[in-house]
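Trainee: Residue numbers (numbering that gives the first Met the number 0), protein chains in the order written: chain A, 0 to 328; chain B, 0 to 356.
No lab work stands behind these hints, which were simulated from the structure alone. Certain hints may be false.
Partner residues aside, some chain A positions facing chain B, computed with beta carbon under 10 Å [claimed, not checked]:
(1) L62
(2) A75
(3) L76
(4) P81
(5) L92
(6) L245
(7) R294
(8) A298
Where is the CB? At the ideal position from N, CA and C, for every residue including glycine.
Here are the chains, one letter per residue:
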Amino acid sequence: MSGNDTVKTTYREAMRAAIRDAMQRDDRVFLMGEDVGAYGGCFAVSLGLLAEFGPERIRDTPLSESAFVGAGIGAALAGMRPIVEIMTVNFSLLALDQILNNAATLQHMSGGQLNVPLVIRMTTGAGRQLAAQHSHSLEGWYAHIPGIRVLAPATLEDARGMLWTALEDPDPVLIFEHGSLYNMQGTLAADAGAVDISSAVIRRPGADVTVITYGGTLGKTLSAAEELAAGGIEAEVIDLRTLRPLDDATFLASIARTHRAVIVDEGWRSGSLAAEVSARIMEQAFFELDAPVERVCSAEVPMPYARHLEEAALPQPERIIAAVHRVVG
Amino acid sequence: MTRQPVAPRRSSAPRARAKSATPAGAGPQAVAHVGDPEPAHLRDLLGQMVLIRRFEEKCVELYSAGEIRGFVHLYIGEEAVAVGVNAALTPEDSIVSTYREHGHALVRGVPMDSVMAEMYGRATGCSGGRGGSMHLFDVSRRFYGGNAIVGGGLPVAVGLALADRMRGDPRVTACFFGDGAVAEGEFHECLNLAAMWDLPVLFCCENNRYAMGTSVEHEQVQPDLALRAGSYGMPAWPVDGMDVLAVEKAAGHAAEAVRSGGGPHFLELQTYRFRAHSMYDPELYRDKAEVEHWKERDPITMLAGRLRAAGELSDDDLASIEGKVAARIDASVTAARAAPVEPVEDLTRYVYSPRSS
Numbered sequence: 000m001s002g003n004d005t006v007k008t009t010y011r012e013a014m015r016a017a018i019r020d021a022m023q024r025d026d027r028v029f030l031m032g033e034d035v036g037a038y039g040g041c042f043a044v045s046l047g048l049l050a051e052f053g054p055e056r057i058r059d060t061p062l063s064e065s066a067f068v069g070a071g072i073g074a075a076l077a078g079m080r081p082i083v084e085i086m087t088v089n090f091s092l093l094a095l096d097q098i099l100n101n102a103a104t105l106q107h108m109s110g111g112q113l114n115v116p117l118v119i120r121m122t123t124g125a126g127r128q129l130a131a132q133h134s135h136s137l138e139g140w141y142a143h144i145p146g147i148r149v150l151a152p153a154t155l156e157d158a159r160g161m162l163w164t165a166l167e168d169p170d171p172v173l174i175f176e177h178g179s180l181y182n183m184q185g186t187l188a189a190d191a192g193a194v195d196i197s198s199a200v201i202r203r204p205g206a207d208v209t210v211i212t213y214g215g216t217l218g219k220t221l222s223a224a225e226e227l228a229a230g231g232i233e234a235e236v237i238d239l240r241t242l243r244p245l246d247d248a249t250f251l252a253s254i255a256r257t258h259r260a261v262i263v264d265e266g267w268r269s270g271s272l273a274a275e276v277s278a279r280i281m282e283q284a285f286f287e288l289d290a291p292v293e294r295v296c297s298a299e300v301p302m303p304y305a306r307h308l309e310e311a312a313l314p315q316p317e318r319i320i321a322a323v324h325r326v327v328g
Numbered sequence: 000m001t002r003q004p005v006a007p008r009r010s011s012a013p014r015a016r017a018k019s020a021t022p023a024g025a026g027p028q029a030v031a032h033v034g035d036p037e038p039a040h041l042r043d044l045l046g047q048m049v050l051i052r053r054f055e056e057k058c059v060e061l062y063s064a065g066e067i068r069g070f071v072h073l074y075i076g077e078e079a080v081a082v083g084v085n086a087a088l089t090p091e092d093s094i095v096s097t098y099r100e101h102g103h104a105l106v107r108g109v110p111m112d113s114v115m116a117e118m119y120g121r122a123t124g125c126s127g128g129r130g131g132s133m134h135l136f137d138v139s140r141r142f143y144g145g146n147a148i149v150g151g152g153l154p155v156a157v158g159l160a161l162a163d164r165m166r167g168d169p170r171v172t173a174c175f176f177g178d179g180a181v182a183e184g185e186f187h188e189c190l191n192l193a194a195m196w197d198l199p200v201l202f203c204c205e206n207n208r209y210a211m212g213t214s215v216e217h218e219q220v221q222p223d224l225a226l227r228a229g230s231y232g233m234p235a236w237p238v239d240g241m242d243v244l245a246v247e248k249a250a251g252h253a254a255e256a257v258r259s260g261g262g263p264h265f266l267e268l269q270t271y272r273f274r275a276h277s278m279y280d281p282e283l284y285r286d287k288a289e290v291e292h293w294k295e296r297d298p299i300t301m302l303a304g305r306l307r308a309a310g311e312l313s314d315d316d317l318a319s320i321e322g323k324v325a326a327r328i329d330a331s332v333t334a335a336r337a338a339p340v341e342p343v344e345d346l347t348r349y350v351y352s353p354r355s356s
């Protein structure tokens, strides 16, 4: 590590650098999906890669989610390392048969003869006034499924580093990229590379309350923590990073210090990932708790278009602050 | 009355993306006459069909006795399709099959002992007792299941073929599915994608006229399935799926065209399921007379009759085939009954791959 050399970049560019790096390192890697080539990716993640790697490895597909996700599974079975891009999580439902019935299942159903080293990337989340068929946060659903790994990169380092590790994984990995993060700017080590995809991390230390989140709500949670600090409450913010398998140990250890927990999750509250984390806390840290666990989730409505309604439906810093006050108070 | 198998024909639809590698006159009628097949080869095909038939009859017996459970979908009546197509493939080719796949697995060479043990849910089963009748796998023979979502195997076959094409491996992926799959979105997505990318897939539609209990006339507004496939710009034609030689010939031609860069091909193999859809089916949806009519074209009886007429199959020959098959089946049952089960401690094995870290 050279240490101090950094580059200014965005989440989108970090993701593109990760794809380029993977394509250069391993000729089994290729990218396919809707408009990943000539258009440059619907969120411009793959812009320029067609010219660099050609149409065999940057493959535009028809609007056939089930066919091209399943084709990724078949190619992975045959020894390739496909990256499949799905435009948004809502569209991934058209490929749910392949993701659940094949990718997640083939290894077990074949008695261990098969494994599916496939990476599927997709956009998730709201905040851009895209209404009810482009904005949901269904990564918690996917985290329900044994046989797959579910990642939620929330930082530039993870956008740059999770892909390569995911491609080295022998099993299917789903990467959920929150749509509000693509334009996020910052600095990244010039030699940034692969990162671990098994552990949660503490993004901000604090002694008074543990706030657990991931993906698109990490930024809002950190903003809330700064405001709370101004009022004398130090929140420890944990970024789950990997939604399946969940790293219980990191948040349990934090709760053993803070004795209070708030979970922030952009998914709908009922049956959410937040519900799973809350249950694990109750099962494994019940006697550590000084207050009931609080959850800040999305309102249980299809995502509305109007800005004020969308904002009201989503977790916001003020709601996180209010939840923290309830558990600390 | 049922639509009778028609003579093979070239799809009237031209290839939308015709390429020079497409062999001229694609269609079985264009195959050069190669003379009558060797009698020994015909007896071998007969033996394979008998093997499937008797294996499944034994499965019925074992199911009735409560020794095997789950869904068991019988292939009886359709044996000529698996045997004929497999005869046209090489060990390097890949197969993706359906939940009615005992026949495909057995003729592919998946050991009968491991198939029977899988029916028993034993550790020695080809899927370690985790798959059962609907999920037979044998990767060493490039047999990729055993897929029980109608249409769900097609995308996987497209992907296997995509990898072969990207690497330049001259391999064919034979993908079996039924007439019911033609109503699924995945069918249309996959034919379009395979044709768009000129992938080496041999689509083998086993049209047994029923999607479980719904007849093809009640599920397809255009029941000419080869015509449907032809609209995706690939050579497609119907084949008499009760005649193993017709299947072998058509599949041989199609597989060769696929292997030599001709892009995907489609065979509508017109066949008939003599038994119920599964062990739970009282067959309320079809006439017994229709079943009896189709049994007159039993693929085993037809081939045996042809061999006998040519003086190439004696009673002793047939008894010898039956005897060997019965002995293999009995041995597989004995082995399966004695085989160990997977320990419950290993319940969650094979969900994720073993990791070094």
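Trainee: Against each hint, give a clear statement of whether it holds in the structure.
Mentor: Hints, verified against the model:
1. L62: 9 Å, holds
2. A75: 7 Å, holds
3. L76: Constraint on A/L76 satisfied, holds at 6 Å.
4. P81: 8 Å, holds
5. L92: Constraint on A/L92 not satisfied, violated at 12 Å.
6. L245: Violated, because the Cβ-Cβ distance from A/L245 to chain B comes to roughly 14 Å (cut-off 10 Å).
7. R294: Violated: closest Cβ of chain B sits about 28 Å from A/R294, beyond 10 Å.
8. A298: Hint on A/A298: violated, closest Cβ of chain B at ~32 Å, above 10 Å.
Hints 5, 6, 7, 8 from the earlier list are contradicted by this structure; the remaining hints agree with it.
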